[in-house]
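J.: What follows is each chain in one-letter form.
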Amino acid sequence: MSIVIAASSSATFPVLPSLLIVPAAGALVVAFLPRVRKDLTKLVALIFSAITCALSLWLLSDFEYEKHSDMFQFVSRQSWISDFGISWSFGADGISLFLIVLTGLLFPIAFLAVDPEHNDRSYFAWMLLLEAGVMGVFCSLDLIMFFLCFEVVLVPMYFLISRWGHGNRSYAATKFFLFTMAGSALMLVGIITVAFLHADSVGGSITFDLVEIAESQSISRGTARWLFLTFALAFAVKIPIFPLHTWLPDAHTEAPTAGSVILAGVLLKLGTYGLIRFGLYLFPEASHFFAPVFLTLGVVGIIYGAVVAAMQKDLKRLVAYSSIAHLGFIVLGTFALNTEAIVGSVLQMVNHGISTGALFLLVGMIYERRHTRQIDELGGLQHSAPLMAGFFTVVMLSSIGLPGLNGFVGEFLILLGTFTAHRWWAVVATVGVVLAALYLLWAYQRVFHGPAEKENAEMTDLKTRETLVLLPLLALIVFLGVYPKPVINRMENSVKTLVVHIEKHVSGFEEPVNRQSLGEIKIDIQQAEEGH
Amino acid sequence: MFVASNSVSTPEIVWWALLPVIVFAVSGLLLLTISSLLKKEISWLAPGITLTAGIFVLFSSIPMWNRIQNDGPIAFLNDSVGTDGSTIFLTSLIAIALISTSILARPYLDREGIPDLEFYVLLLVSAAGGVVMAGANDLIVLFLGIEILSIAVYVLVALHLRKIESQEAAIKYFLLGAFSSAFLLYGIALVYGAVGTTNLIGIRNFLANSLLIEDGMLMIGFALMLVGLGFKVAAFPFHSWTPDAYQGAPTPVVIWMAAGVKVAGFAAILRVFPLTFASYIDDWQIPVAVLSGLSVVFGSVVAVVQTNVKRMLAYSSIAHAGFILIGVQSSNMDGTAAVLFYLGVYTFLASGSFAIATVVGGEGDSNHDLDAYKGLAKRKPALAALFTVLLLGQAGIPFTGGFIAKLGVISSAVDTKYYFLAGVAMVSAAIAAYVYLRILMAMYSDINEGKIEDIHVSKGVWVVTALSSAVVMVTGFIPEPFIEITRDAVPILVGG
Chain A
1 MSIVIAASSS ATFPVLPSLL IVPAAGALVV AFLPRVRKDL TKLVALIFSA ITCALSLWLL
61 SDFEYEKHSD MFQFVSRQSW ISDFGISWSF GADGISLFLI VLTGLLFPIA FLAVDPEHND
121 RSYFAWMLLL EAGVMGVFCS LDLIMFFLCF EVVLVPMYFL ISRWGHGNRS YAATKFFLFT
181 MAGSALMLVG IITVAFLHAD SVGGSITFDL VEIAESQSIS RGTARWLFLT FALAFAVKIP
241 IFPLHTWLPD AHTEAPTAGS VILAGVLLKL GTYGLIRFGL YLFPEASHFF APVFLTLGVV
301 GIIYGAVVAA MQKDLKRLVA YSSIAHLGFI VLGTFALNTE AIVGSVLQMV NHGISTGALF
361 LLVGMIYERR HTRQIDELGG LQHSAPLMAG FFTVVMLSSI GLPGLNGFVG EFLILLGTFT
421 AHRWWAVVAT VGVVLAALYL LWAYQRVFHG PAEKENAEMT DLKTRETLVL LPLLALIVFL
481 GVYPKPVINR MENSVKTLVV HIEKHVSGFE EPVNRQSLGE IKIDIQQAEE GH
Chain B
1 MFVASNSVST PEIVWWALLP VIVFAVSGLL LLTISSLLKK EISWLAPGIT LTAGIFVLFS
61 SIPMWNRIQN DGPIAFLNDS VGTDGSTIFL TSLIAIALIS TSILARPYLD REGIPDLEFY
121 VLLLVSAAGG VVMAGANDLI VLFLGIEILS IAVYVLVALH LRKIESQEAA IKYFLLGAFS
181 SAFLLYGIAL VYGAVGTTNL IGIRNFLANS LLIEDGMLMI GFALMLVGLG FKVAAFPFHS
241 WTPDAYQGAP TPVVIWMAAG VKVAGFAAIL RVFPLTFASY IDDWQIPVAV LSGLSVVFGS
301 VVAVVQTNVK RMLAYSSIAH AGFILIGVQS SNMDGTAAVL FYLGVYTFLA SGSFAIATVV
361 GGEGDSNHDL DAYKGLAKRK PALAALFTVL LLGQAGIPFT GGFIAKLGVI SSAVDTKYYF
421 LAGVAMVSAA IAAYVYLRIL MAMYSDINEG KIEDIHVSKG VWVVTALSSA VVMVTGFIPE
481 PFIEITRDAV PILVGG
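Quick mapping for you: the protein sequence lines, in order, are chains A and B.
All residue numbers for the first sequence refer to the working numbering, where the first residue is 1 and numbers rise by one.
All residue numbers for the second sequence refer to the working numbering, where the first residue is 1 and numbers rise by one.
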């Protein structure tokens, strides 16, 4: 730790590349630890993930959010294949910042919370590799680099599900791998085409630099729309947007607990983050053009996810379907294309990571004790495990979006922004909030209330370690719910820059804003009357 | 040439540039002679000489490469043989394929009781043919190279004398191969009829400078040559021999067929189509693009339904051939460099993957069902890890050489505005990924009770698989120097 702190004092320390390098190096170290020192494995993995976490927190503290001029901070660049114009190009802004921090936080928590049942070394090695890949996605400012990291996370996740999962795990792992790989197949063609067309129209050599391509907007409108679709398909599968979601319930249910936490907490955000960074920013006009489609799919996802979640008999599957609903909100906010809604979406990505991560941890803890996740077979757990019931209540309420907890802030901003821009979509989406209360409270009631019978009555409560693991998540849930201002402040400038970018490149598009002054509304009424 | 002359003028020969052919051919003949003179069999003699020849050629290519890079490509023997960057690059790939085949063949031949002398002699002869193809500047020389290469391989496929599948595969391969040679030869004849020369430089100059009023004969010539060469690289729809031949042939021979023969076949395609027929690109580009797309789709889709790992890899090799053809159709420098890069990576992917098939195949070389791979991770964790790298490389997962190879050819398709082809190829790659996942799943699944057999992994297998996986990883992480080499190796036709 002292090394990190010492290094942090120098201004040029490449913090973003080290977010990739540290976990990747950790994976190597763990993989080659001597077989006899099994006890070391977890410790070493924890140390590497803790260093990564510390680095991400340092990033948070050094981030200058008052700054308007530069969109990306901590930019570093290292040529990789100069003939193809591909470089290791990293940068962070207010949109990626908190996702990086979330990743940094969730991995050590997942390590602490759950021990693998076998093959510790490869388990932790894959986990650390996964972390490196995820960090790479959030930091990349090069299209190919982004694709590399986006695609490479499939491999560790595949192995985590297929080797440490439950039940029908190899089916679930394969489905997950193939769905996502097929989804992103066309994105690679899209990426290469973007770079070639950009080089054609601007002149000069091929570059995959995101900022350069996005700022020049050199691709013609019709082509850009097609290209946007190749990107959007990859993200839609990853998020997943209805109707491409079918891999998610399987993958979530069969994955080991830590796998589910990471899958829900971080991996799904790769898609929603991609939509903002490589959808809205790279293709503003096409995003605006296709916005109604995505708004509709978002709302469909919200309602569909909620209804299906209410029907589930398996607690983990229920949480998985609730993810579809939550991610529907994020998609909705993203395509409302105004500052409130996008800030809400980014915030909701973080919130969902925390709440759903915690929910999966709790479900995992129940499963560990009771060896079942069937809601029918559980019941009255609050008698035997009051502490767990308490934690579950708070996390569940945050997931529902109770005011005062983090879920409310994100959902409120999304709905507010969407209402300004696309009234009726917001109205329908609000039903989703009610439905969320329905399925989660109902599930809570069936699992924790009522009389406890036999095994349910004898279930042990949370152990100290488990409490310690859940506490930071709980603290964040409350903190973000009560005082989200510092977080929103850091996101806001970047999101505003993005919206201005969209305004600039989409003719006739103005950010749909909340008309706060009464005067403006009066003028509107006047105009309307004159029209008659 | 057509001027009558009293004294016979012998063409100039650049001996150092012919070194690889000479080394391979002479060591083959030497081996044959020495063994027939010896009274007692010396077991290390045949593999030793073969390995030495391969390593010698591999290392001699370094000074040759430097010389060509400094002095430029050369042509000699009346311009019928040329040596350029691609010749040396592909020759070293052939040498690598030869080395790994001979390393893996040694324990295999012992195990299966196959006489090893013939095997190594034929392998060396075949390699000599491949090298001839990589340096051919004349259609006749090209055809000679193909025949030297192929006839030896027909025999190699049949070498497992006690296995009926081996004989069957050889007959199929031989019959179809003979037909394809006939097609190629007929195509060569038609091109000669249209152009008046078989020299590649002559053909290129003629096509560039003169307008044919009637080009039907030339077109049929192109088509027939494409059929003949398409057969050699196993492109759809000339692939039908591949699965049977791969399944039946002794597994080390399959390594040679997948790596060595394919490299030589693409060497010929690169010399003929993008180089010689450059000015008629509008006439052959679309057919080649169609063949490449069909190969990728067909290979990937059909591989999915296979249950025999050798057949899976055979169909995936058809898909790989399709990917390489995508680079060929672009016919520009970047595309050709991408083809060479792909060939380089594929040589290692194929060597390593089939090396593992050799081991798992077990006694009788028949245990190639997917079930045979079940629990491999428990029995041989390190071997399974290496195989994982190779399979992920074949699937084109990022940070493996396979990805960079695919990136190159897909870029070349985008560059020539064949967006649809690029899209089809990528979607097929996603389908093909399932093939490799199935093998991975089997490896990491739990062992069925009572099926635990001890697998003997020889040192050679370790060496080949470890080196192949290392190359696949290194080319994935630090591709730049390798891309530079392939860009310097893009073939150029020069007249002497």
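Hints listed in this document are in silico derivations from the structure and should not be mistaken for laboratory results.
Be a bit skeptical, because a hint or two may be false.
[As the list claims (entries may be wrong)] In silico DSBU-like pairs for lysine-lysine, Cα to Cα no more than 30 angstroms straight-line: (1) A:K485 with A:K504; (2) B:K40 with A:K42; (3) B:K374 with B:K163; (4) A:K313 with A:K496; (5) A:K38 with B:K378; (6) A:K504 with A:K313; (7) A:K42 with A:K454; (8) B:K172 with B:K40; (9) B:K39 with A:K175; (10) B:K172 with B:K39; (11) A:K38 with B:K163; (12) A:K485 with A:K496; (13) A:K38 with A:K454; (14) B:K380 with A:K38; (15) A:K42 with B:K378; (16) A:K38 with B:K459; (17) A:K313 with A:K175; (18) B:K378 with B:K40; (19) A:K42 with B:K163; (20) B:K459 with B:K380; (21) B:K380 with B:K163; (22) B:K459 with B:K163; (23) B:K374 with A:K175; (24) B:K459 with B:K374; (25) B:K378 with A:K175.
J.: Confirm or reject each hint.
T.: Each hint tested on the structure:
1. Annotation: proposed proximity of K485 of chain A to K504 of chain A holds, straight-line Cα distance about 28 angstroms (limit 30 angstroms).
2. Distance restraint check for K40 of chain B and K42 of chain A: the Cα-Cα separation of roughly 59 angstroms exceeds the 30 angstroms cut-off, and the hinted pair is therefore not satisfied.
3. For the suggested pair K374 of chain B and K163 of chain B, the alpha carbons sit about 25 angstroms apart, so the restraint of at most 30 angstroms is met.
4. Restraint check for K313 of chain A and K496 of chain A: the C-alpha separation of about 43 angstroms exceeds 30 angstroms, so the hint is violated.
5. With a C-alpha separation of about 18 angstroms, the suggested pair K38 of chain A and K378 of chain B falls inside the 30 angstroms cut-off, and the hint holds.
6. For the suggested pair K504 of chain A and K313 of chain A, the alpha carbons sit about 49 angstroms apart, so the restraint of at most 30 angstroms is broken.
7. Proximity of K42 of chain A to K454 of chain A is assessed by CA-CA distance (about 35 angstroms); at most 30 angstroms being required, the pair is judged violated.
8. At roughly 36 angstroms between alpha-carbon atoms, K172 of chain B and K40 of chain B are farther apart than 30 angstroms, so this suggested pair is violated.
9. Straight-line distance between C-alpha atoms of K39 of chain B and K175 of chain A comes to about 61 angstroms, which puts the hinted pair past the 30 angstroms bound.
10. Simply put, K172 of chain B and K39 of chain B have alpha-carbon atoms about 37 angstroms apart, too far for the 30 angstroms limit, and the pair is violated.
11. A hinted pair counts as satisfied when its Cα atoms are at most 30 angstroms apart, and K38 of chain A with K163 of chain B does not qualify at roughly 47 angstroms.
12. Between K485 of chain A and K496 of chain A, the direct Cα distance comes to roughly 16 angstroms. Compliance with the 30 angstroms bound is thereby established for this hinted pair.
13. Taken as a hint, the K38 of chain A and K454 of chain A pair is broken in the structure, with Cα atoms around 37 angstroms apart against an allowance of 30 angstroms.
14. Among the hinted pairs, K380 of chain B with K38 of chain A is consistent with the structure: their alpha-carbon atoms are about 20 angstroms apart, no more than 30 angstroms.
15. Note on K42 of chain A and K378 of chain B: the hinted pairing holds, with a Cα-Cα distance of about 22 angstroms set against a maximum of 30 angstroms.
16. Restraint check: the Cα-Cα separation between K38 of chain A and K459 of chain B comes to about 29 angstroms, which is no more than 30 angstroms; the hinted pair holds.
17. Of the supplied pair hints, the one linking K313 of chain A and K175 of chain A holds, its CA atoms being roughly 22 angstroms apart against a limit of 30 angstroms.
18. The hinted pair formed by K378 of chain B and K40 of chain B fails the criterion: a straight-line CA distance of about 43 angstroms is larger than 30 angstroms.
19. Distance hint between K42 of chain A and K163 of chain B is unfulfilled; the C-alpha atoms sit about 51 angstroms from each other, more than 30 angstroms.
20. Restraint check: the Cα-Cα separation between K459 of chain B and K380 of chain B comes to about 14 angstroms, which is no more than 30 angstroms; the hinted pair holds.
21. Between K380 of chain B and K163 of chain B, the direct Cα distance comes to roughly 28 angstroms. Compliance with the 30 angstroms bound is thereby established for this hinted pair.
22. With a C-alpha separation of about 26 angstroms, the suggested pairing of K459 of chain B with K163 of chain B holds against the 30 angstroms cut-off.
23. Between K374 of chain B and K175 of chain A, the direct Cα distance comes to roughly 20 angstroms. Compliance with the 30 angstroms bound is thereby established for this hinted pair.
24. Distance restraint check for K459 of chain B and K374 of chain B: the Cα-Cα separation of roughly 22 angstroms lies within the 30 angstroms cut-off, and the hinted pair is therefore satisfied.
25. Taking the CA atoms of K378 of chain B and K175 of chain A, the gap is about 24 angstroms. The hint holds against a cut of 30 angstroms.
Of the numbered hints given earlier, the model fails hints 2, 4, 6, 7, 8, 9, 10, 11, 13, 18 and 19; all others are met.
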